[in-house]
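S.K.: Read off the chains here:
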Amino acid sequence: MNCLTCQQKIEEFQSGTLPDDLKKSIRIHLDECEDCKLAYAALVLTEKVITDEKIIDVNPFLATRVMAEIEQSGMDDAEYSVWTVFKRSFQPALGIATIVIALFLGVVIGNNFSSAYSKNTVPEEAIFMNDAAIESIGLLTE
Amino acid sequence: MSDKEVIKSILDGNKNDYSKIVVKYQQTIFRTCMGYVHNEDDANDLAQDTFVNAFQNLHKFRFKSEFSTWLIRIAINASLNFIRKNKKAFFESLESDEERISLKETLLMADFSNPEEIFVNDQCRGIIQVAMHELSDKQKTAFVLSKYEDLPQKEIAAIMEITEGAVESLIQRAKANLQKKLSQYLKKN
Chain A
1 MNCLTCQQKI
11 EEFQSGTLPD
21 DLKKSIRIHL
31 DECEDCKLAY
41 AALVLTEKVI
51 TDEKIIDVNP
61 FLATRVMAEI
71 EQSGMDDAEY
81 SVWTVFKRSF
91 QPALGIATIV
101 IALFLGVVIG
111 NNFSSAYSKN
121 TVPEEAIFMN
131 DAAIESIGLL
141 TE
Chain B
1 MSDKEVIKSI
11 LDGNKNDYSK
21 IVVKYQQTIF
31 RTCMGYVHNE
41 DDANDLAQDT
51 FVNAFQNLHK
61 FRFKSEFSTW
71 LIRIAINASL
81 NFIRKNKKAF
91 FESLESDEER
101 ISLKETLLMA
111 DFSNPEEIFV
121 NDQCRGIIQV
131 AMHELSDKQK
141 TAFVLSKYED
151 LPQKEIAAIM
161 EITEGAVESL
171 IQRAKANLQK
181 KLSQYLKKN
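In order, the protein sequences belong to chains A and B. Using the numbering used here, the first residue of the first sequence is number 1, and each one after it goes up by one. Using the numbering used here, the first residue of the second sequence is number 1, and each one after it goes up by one.
It is worth saying that the hints were derived from the structure and are not from the lab. Here a beta-carbon is modelled for each residue, glycine too, at the ideal position from N, C-alpha and C. There's no promise every hint is true.
Once the Cα atoms are required to be at most 25 Å apart in a straight line, the calculated DMTMM-like pairs of lysine to aspartate or glutamate come out as [as the list claims (entries may be wrong)]:
id: 1; chain 1: B; residue 1: 8; chain 2: A; residue 2: 53
id: 2; chain 1: B; residue 1: 180; chain 2: A; residue 2: 69
id: 3; chain 1: B; residue 1: 147; chain 2: B; residue 2: 42
id: 4; chain 1: A; residue 1: 48; chain 2: B; residue 2: 66
id: 5; chain 1: A; residue 1: 54; chain 2: B; residue 2: 12
id: 6; chain 1: B; residue 1: 24; chain 2: A; residue 2: 53
id: 7; chain 1: B; residue 1: 4; chain 2: A; residue 2: 69
id: 8; chain 1: B; residue 1: 147; chain 2: A; residue 2: 53
Here chain A is said to cover these stretches of chain B; the calculated rule only asks that three of the stretch's residues, wherever they fall, bring their Cβ under 8 Å from a Cβ of chain A [stated by the list, open to error]:
id: 9; segment: 44 to 57
id: 10; segment: 156 to 162
Please put together the full structure from these sequences, using the hints given.
M.R.: Below, the structure is given as structure tokens:
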């Protein structure tokens with residue numbers, strides 16, 4: 001028996017599912033090899049810790065504690081159903097309505113501001129300006 | 001009454017029916033939390049938080065999966081968050097242990113032919129718990145559900161929303177990592 005085979009079979013050895021001859025040769029190897037014995041110890045100890053933790057019982061008053069906390073959180077039956085209906089139906093609708101109202105108000109306010117500043121009238125100087133008399137910038141740079 | 005009927009009754013306003021759900025699943029949820037935190041009081045608190053959280057979000061449960069699957073998922077998230085918040089304190093408490101003895105010598109002398117007779121001292125327990133803590137979240141979850149809950153790979157896959165093959169791989173890697181970490185630690189000490 002070498003270390004590789006021993007460590008490959010060590011889990012089956014621990015669970016007791018190996019044939020007797022293989023069990024015996026692993027047992028002999030574990031007595032001789034320190035590394036494999038430590039690997040086996042790690043496996044056995046882990047299983048032992050898990051088994052010990054699994055048999056611990058839950059607090060027998062857990063259900064009472066849970067129900068008391070639910071009571072304390074103030075969600076009585078009526079509130080719970082109203083809150084549920086609100087969350088399910090009205091919350092998304094309220095979100096969409098808020099966005100639409102914000103857009104509408106933005107457009108309305110924006111239009112009011114633009115009418116106050118831009119009067120769509122041509123300034124007096126521009127009326128008398130003769131475009132034909134203005135020299136092209138191109139002529140100056142040549 | 002099936003879970004579905006009880007949940008519908010709760011959503012219709014019969015809040016007290018929720019205690020039936022708590023009693024039915026309390027040991028499962030407690031054991032799952034225990035697999036992550038390894039402390040009875042913390043696991044009880046986490047189980048309580050899980051059930052309160054599940055009650056507050058019961059209207060979100062769409063009956064697309066088993067109720068137990070949904071509940072275990074909440075417990076896993078609560079436990080992982082708890083570990084993240086308390087990781088530093090947990091490791092510090094183990095490092096401050098001054099009564100270290102040579103584990104290697106003790107273990108090499110031990111007789112493992114009858115595992116039930118083995119006494120696991122606090123130091124040894126702490127080392128194994130730290131090794132479990134050091135696994136990645138996914139490996140830890142697959143390992144806990146397999147070892148503490150004895151769930152079949154199909155159910156673990158449903159809870160973790162991955163394939164059965166991936167679950168198998170995660171469990172094998174978790175076992176290999178645990179054994180490697182513990183063997184290394186035992187050799188050093």
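S.K.: Which earlier hints turn out false for this structure, listed by number in ascending order?
M.R.: 1, 2, 4, 5 and 10
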